[in-house]
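Enquirer: Listed here are the chains, written in short residue letters.
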Amino acid sequence: MFHIYCPHCAEYREEEEFHAAGQAHIPRPLDPEACSDKEWGEYMFFRKNPRGIHHELWVHAAGCRKFFNMTRNTQTYEIKEVYKIGEQPSVVAE
Amino acid sequence: MQQYSGFGLFKHSLSHHENWQRAWRNPTPKKKYDVIIIGGGGHGLATAYYLAKEHGVTNVAVIEKGYLGGGNTARNTTIVRSNYLWDESAHLYEHAMKLWEGLSQDLNYNVMFSQRGVLNLGHTLQDMRDIERRVNANRLNGIDGEVLDPQSIKEIVPHMDCSANSRYPVMGASWQPRGGVARHDAVAWGFARGADSFGVDLIQETEVTDLIIEDDTIIGVKTNRYGDIMADRVGSVVAGNSAVIAKMGGFELPLESHPLQALVSEPIKPVLDTVVMSNHVHGYVSQSDKGDLVIGAGIDGYTGYGQRGSYPTIEHTVQAIVELFPMFSRVRMNRQWGGIVDTCPDACPIISKTPVKNLFFNCGWGTGGFKATPGAGNVFAASLAKGEMHPLAEPFSMFRFHDGALIDEHGAAGVAH
Amino acid sequence: MTQQNRLQSGGRIDRSKPLTFTYNGKQFSGFQGDTLASAMLANGIDVVGRSFKYSRPRGIVACGAEEPNAVLQLGATEATQVPNVRATQQELFNGLVSASTNGWPSVDNDVMGLMGKVGGSMMPPGFYYKTFMFPQSLWDTYESMIRKAAGLGRSPLESDPDTYDNVNQHCDVMIVGAGPAGLAAALTAARGGARVIIADEQNEFGGSLLNTKETLDGKPAAEWVNAVVAELATFEDVMMLPRSTVNGYHDHNFVTIHERCTDHLADIAPVNQARQKLHRVRAKWVVLATGAHERPLVFSNNDVPGCMVSNAVSTYINRYGVVPGNELVLMTTNDYGYQAALDWDDAGRKVVAIVDTRASGCGARAEEARKRGLNIITGSAVIEVQGSKRVSGVSVAAISADGGKVIGSVTKLKTDTVASSGGWSPVIHLSSHTGSRPTWDDKIVGFVPGPTVQKQLTAGGINGQYDTAVALKQGFDAGQKALTETGLSAAEVVLPKAETLKSDTPMTLFHIPHIKPTSAAPKQFVDYQTDVTAAGIEVACREGYESIEHVKRYTAMGFGTDQGKLGNINGMAVAAKALNKTIPETGTTIFRPNYTPISFGAIAGRNCGSLFDPERYSAMHKWHVEHGAKFEDVGQWKRPWYFPQGNETMQESLDRECLAVRDSVGILDASTLGKIDVQGKDAREFLGRVYSNAWAKLAVGKCRYGLMCGEDGMVFDDGVSACLGDNHFVMTTTTGGAARVLEWLEIYHQTEWPELEVYFNTVTDHWSTLTISGPNSRKLLSELTDYDLSNDNFKFMDWKQMKVAGVPARVFRISFTGELSFEINVQANYGTHVWEKLFEAGKKYNLTPYGTETMHILRAEKGFIIAGQDTDGSVHPYDLGMGWCVSNQKPFSYIGKRGMNREDCVRPNRKQLVGLKTKDPKAVIPEGAQAVLDPKAPIPMPMEGHVTSSYWSANLGHSIAMGFIKGGLDKMGETVFYPLADGTVIEAEICSPIFLDPKGERQNV
Amino acid sequence: MSDLNVMTPAEIAATKAAVMDQVPGPEIQGQSPLHHADLESLAKQGPKTGGVHLREHKLLGHLTLRCNPENADQLAAVERVLGVALPLQPLTSAENGDYSIRWMSPDEWLILVPGLEAFDIESKFRDEMGGHYSLVNSSGGSTVLELSGTDVVELLKKCIPIDLHSKHFPVGKVVSTVFSKSTAIVRRTGEQRFELIIRRSFADYIWLWLQDASREFGLVIEA
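Protein chains in written order, with my numbering: chain A, 1 to 94; chain B, 95 to 511; chain C, 512 to 1516; chain D, 1517 to 1739.
Bound-form chain A, shown alone (with noise of 0.2 angstroms):
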């Protein structure tokens, strides 16, 4: 089980707080209308899924209901950082 350092509440918490949200930095397309049947399906489904870091989105649900970015090995499990949505990361897959 995770021990997840929440940005906002300033402490760690278990994960059983928390949700995973899947990868962060997909932005909604600006202009949902110009993109093509392809970019509208890798917008909503296609992920880099990779073994190794990964960036993605996080919730404390059951504690501030904030969403936050979270680098983590999906290998080991270990969290590299996490920073709030807007920010971007300092750790990154080589």
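These are computed hints drawn from the structure, not numbers from a lab.
Any given hint could turn out to be false.
Stated by the list, open to error - Think about it this way: if two alpha-carbon atoms lie no more than 16 angstroms apart in a straight line, the pair counts; the simulated EDC-like pairs of lysine to aspartate or glutamate are: (1) Lys1477/C with Glu1500/C; (2) Lys966/C with Glu996/C; (3) Lys1314/C with Glu1294/C; (4) Lys451/B with Asp310/B; (5) Lys38/A with Glu1222/C; (6) Lys38/A with Glu346/B; (7) Lys984/C with Asp728/C; (8) Lys795/C with Glu11/A; (9) Lys1532/D with Asp1193/C; (10) Lys384/B with Asp651/C; (11) Lys641/C with Asp200/B; (12) Lys1408/C with Glu33/A; (13) Lys38/A with Asp497/B; (14) Lys1683/D with Glu747/C; (15) Lys1532/D with Glu1196/C; (16) Lys447/B with Glu346/B; (17) Lys1401/C with Glu33/A; (18) Lys966/C with Glu78/A; (19) Lys1422/C with Asp181/B; (20) Lys1192/C with Glu1268/C.
Please build the complex by placing chains B, C and D on the supplied structure of chain A, with the hints as guidance.
Expert: Coordinates of chains B, C and D only, in the frame set by chain A:
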């Protein structure tokens, strides 16, 4: 191939079992193959077997980074059923079911396929509507199944709490008598032995480190042990690691790899003669021939390649089992483990061409991979042999996520593996 | 019965507290402080079980978690049965009832044993896979035979009378194991001010120090243990957990501890006490001081009762005052093994021989043995054991220096006990639970913990360090390191002086050769519980199962309840030899939780029965119960399903409730619908983006129905939102969708459109929603309010604020039944008050409470959908015939718009929701029935779509249904067929789903 | 305004947000979410000693404030209305007499006031506070339980996954967390005293849970 039989066992016992042939060779790979299959799990080995057996394509290598059948084949809860909702998936899984029914004899390897029946429980009115819908569709698709009331369920599973005062009383179930369980390792080994007997090279402990692509067409793979190995066609059958291979091909997939956990009790005397699954209370259980209660959990919510998930998932599953079978409270959990399941947004697999010519993918089975093993291998083999997708595989193109023709099996798949 | 093997003195048992227990129906006695195993050995019980494959008699081999054979059924009553309890870990209590788990008719006279002798040679590993295939039809019979033979104990058949707790713990340092290393670590960490948890699986702390005659500072080691335990008890922030097994080590230093609180007292826990607790520990640092298990050697017939690991022999003598036999032959590859012979000799029984596989052994213990004149045979091994239910003798022969073959003649010795020591295997299980792979250490001939990303420290035996002095030092170091790492300052601890015994190099040997080749030699067991032999492993390797994982899976090695604690390393060694590889080349050994098995009940804790899942209630729940409601589970909510009166059938109740609403007035508790308060100047814009229809012009005081779609265009929720103020809306969602919708709004707001000024807050629980519906609803409401309810003042789709029965309320004039309806929203603290006042006033209108089923029928008569019942994630608004609820004029591309215009979403012949009118007006099509065009078509029959909602309509006097039909909206008037499971076929005509009042006049009066 | 407690929609529109006094006159008694458990009788009849004491503080005014912690005007408005500043540090709380404020999120606070004052406070906020904010009355949706006694920490360890050591969870700290399979807002109000704010629809579940889990300590109901 040396034939296995009871008499054979007797004969070999006289020579202290010193003269058994190898089940498969340990060959050094050739420079080039007609077809390379990446991934020596159940699906990859079945693909190789059917390529050789049904299509005469024997110049085939299966490249496995670990040992044969060491991925999800070794980690699943071995349930086999074909009672899926939509025509596309029902036909595919039923194709597999028919192959299961003669598999031990076909492979001359007892995969211990035990058709003890599968119950999918309903606990709410909507569960029951969904069950009726699915069973009706199954029946018209030629798949066995009926809707049972709590009393009939009690006759099949006398020890389950079917009383009206449980938190979510059992209101009914779908029942597929032909469903059941099989011995997971034996499936991989049986296919491996069969494929090897046709001359397929099974290359273990060898990792594909890159794909060799020219003009958007795959021509071979790079490996960590044997350098470049060339091929006319390549099939990737690597389940949870599909994204890693796709990345080598320069594309992404509509997949996420999640931990999926399972656990077993200590072995106990026979007490449960069928497979019981419940989406609503979120757990499922069967009893293996060894006596273990084999229990499956839900998928963990995050991406994970660690072959382990989070403890609360185990807790919720055990709670569900104790809720269904209060008497199991004093039985003890022996072991837990995790696999990596590649899940598609519509809970259906991908059997597909890819943006790279001659590179085919079989992946995205989520929780449904084991039960499809012979069927998936069979249609993937046909597709690799002909270069065109088998009709049963066609609806499972990865490009359905562009045009929107999804096959939403969440209801039928759910926790129910 | 006398305890023939009990010593007159010594050990940690309390001879003043005799206990009786039952084994296989016979009564025996033991003492407080015994384990079941030590008491059985004291009583001279040799056979404790039968092996599962060959049905060979088996005895106690070890003294702890590694015991493979003494796996018993416990429990005096049906409800308190516990299968597969290790006798070596079960403390004895008065009245304990135990039985062996295999063997028919009894464990001593077993028919299967004969079969095992005869058929054993035909059961090599994998024999299942090679046979039982012909004829195919007999597999079921074969399988039931296999199943009966397998399994160990049995499940209870009654519900568990005990309760269990899950307890959340947090600490700085979690110490696993309270032997010398663990205690030193705990003392150090505690003195440094750390919050410490120390757990040990045994009933008292001390670990290996309790099993020997070792001294610390010249005094019995137990004295030091007592002093440390006493000091630890003085720290407020130290938690000591004996009888507590750390069974799992999970990511980010999450550790689970299985504490057996009352299993040592009785079958069943004392009143109000939990039988077991599962501690869920989050630790900043974890110190693994788990020690090591002694490895037995693999030789022919090494499973005959009387064969034990040497350390167990010492433990039974020193800790329990039990000598498990009369004569001992000890075989060892190392100095430590000699200890068992010395202890045996001290106990006054005969040491027949010490067989040292090395050419010479000159460590301190060997010297002592020599001094005592014990018979030491060097350069030799016990190659075979004689006896069946108890060892009667052994064959000893000289072996080559590498241990590879027998080189001398065979001597037979008479003995009833054989102890063997092949060295030690560090208990690395926990360290590998988190994915760390163990590494092989040639120096200690064993695996040690590998690199890990956890904050983990190790001390003592787990590192292959078996010297008490070293263990103490490593424990101290681990404690200090944990202190500095958690920001605390170092502690002062003076470690006691331990004796260090000189020892000679051990021999690396696992598998003792026989004069015959392994394949033909009498069985040499590697894994007792799964009946895996050295020959079996060789067969597996020969057949190409070369990966150690293949070997394990093919032979079942390590798959027992002991998870191969004794056998795995020996098995790997045998495989390595067969494959001509080293052990590390052969692979590594990975362990998964649990370290030892734990009760399902302990994992489930209190989350069972009525606490399995919350039951959510509305404010009027008590009223519903008192008025005989039947309930429907909707999500976690208990919603009234219908309210039967007298002996009514369900259909009769529904007919009555439906007619009451259409003819007069009915009342529904709609409080469970999700309600979200939306405030901010961009609230309206936000609604426009998340609903498919337009919200820009909704005036204050008005309500509007909306559909919510995903980005894929598929409908996932719906409901009415009301404009409370220019910047203020209240949104309703489906009962089951409330939480999901709120999170969905938040994710878009927080990640996509943070610039929109809007806040969302759930108010689901805050409001009670009382829906009165029917032609008399206005009259009824007017009796409880002064407000002008006339159609002119309070129009359809308006909401008004007024007092109802004295309670301030927001009343929405919206309708899900098609009747004149008012949804009265009051603060939930006053819900019951208003509900009861409505009934007081409603008597004269025959105000009828109705439940979800009647609500479903009434809305179906009107063709209104229920998201989740009439949708399934694959239908967009146009599929539902609800294009009227989609606005393509909105400037912002709302969620779902792009998705529902994808190629597959706009193709012809999609399944569309239509009404269905059966040819036989009395026939109600079952929900879930599948439509076909030709019911006589062969299977597989092409299906057109399924029925989503179907009811008997008492109002209309015929059945009504809605369902999907391919291209259905263009097929009005056409016929479809529903072939049912019983062979009948229902014929229906495709029609509009609006069966009643298509112009909507009734709700508009 | 014809009725002081009830505004017309037009009047509400003028305030941009709808505010309503939701509490009827004193002749109508409200029912807390645990009304059916009849804690008053249990307090009279039940045991008087035990390791855990439970008391319900029912029918209080619960107000959820969402605003911008960086907006000085809004912060000042809060102080004018409640006489105490918004606690801006995560997981802290502040009190002024009967008023108490809990930090819930960087832009969310839960304010508890006497039940009859809720509308008053709400109205004052509407008068005093400008800019983008929301204020929601959720008084009917929750209730407050006070748990105290020598075993209160041991009991809570069975309920919530939070570290309750006083070094980590001092008096005044507040967390929103999972409570078994529900949720709760937990605040420490004394060394051995905690305040739980629970949702109405889950109240019976939590009540059952507390009774079950406290059995080994003995549960004393106070009224």
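Enquirer: Does each hint fit the structure? Answer for all of them.
Expert: How the hints compare with the structure:
For a cut-off of 16 angstroms, the pair hint linking Lys1477/C to Glu1500/C stands: about 14 angstroms separates their Cα positions. Restraint check for Lys966/C and Glu996/C: the C-alpha separation of about 10 angstroms stays at or below 16 angstroms, so the hint holds. A distance of roughly 11 angstroms separates the Cα atoms of Lys1314/C and Glu1294/C; the hinted pair therefore holds under the 16 angstroms criterion. The suggested pairing of Lys451/B with Asp310/B holds, with an alpha-carbon distance near 6 angstroms, which does not exceed 16 angstroms.
Between Lys38/A and Glu1222/C the CA atoms are separated by roughly 14 angstroms; this keeps the pair inside 16 angstroms, and the hint holds. A distance of roughly 12 angstroms separates the Cα atoms of Lys38/A and Glu346/B; the hinted pair therefore holds under the 16 angstroms criterion. For the given pair, Lys984/C sits about 15 angstroms from Asp728/C by alpha-carbon distance, which is consistent with the 16 angstroms threshold. Between Lys795/C and Glu11/A the alpha-carbon distance is near 14 angstroms, which keeps this suggested pair within the 16 angstroms criterion.
Restraint check: the Cα-Cα separation between Lys1532/D and Asp1193/C comes to about 12 angstroms, which is no more than 16 angstroms; the hinted pair holds. A C-alpha spacing of about 15 angstroms is found between Lys384/B and Asp651/C, which places the hinted pair at or below 16 angstroms, so the restraint holds. With a C-alpha separation of about 13 angstroms, the suggested pair Lys641/C and Asp200/B falls inside the 16 angstroms cut-off, and the hint holds. At roughly 8 angstroms between alpha-carbon atoms, Lys1408/C and Glu33/A fall within 16 angstroms of each other, so this suggested pair holds.
This hinted pair checks out: Lys38/A and Asp497/B have alpha carbons roughly 7 angstroms apart, not beyond 16 angstroms. For the hint pairing Lys1683/D with Glu747/C, the CA-to-CA distance comes to about 13 angstroms; that is within 16 angstroms, so the pair holds. This hinted pair checks out: Lys1532/D and Glu1196/C have alpha carbons roughly 15 angstroms apart, not beyond 16 angstroms. For the suggested pair Lys447/B and Glu346/B, the alpha carbons sit about 13 angstroms apart, so the restraint of at most 16 angstroms is met.
Restraint check: the Cα-Cα separation between Lys1401/C and Glu33/A comes to about 13 angstroms, which is no more than 16 angstroms; the hinted pair holds. Only pairs whose Cα atoms come within 16 angstroms are accepted, and Lys966/C paired with Glu78/A is accepted, the gap being roughly 11 angstroms. A threshold of 16 angstroms between alpha carbons decides the hint, and for Lys1422/C with Asp181/B the separation of about 14 angstroms falls inside it, so the pair holds. Taking the CA atoms of Lys1192/C and Glu1268/C, the gap is near 6 angstroms; set against the 16 angstroms cutoff, the hint holds.
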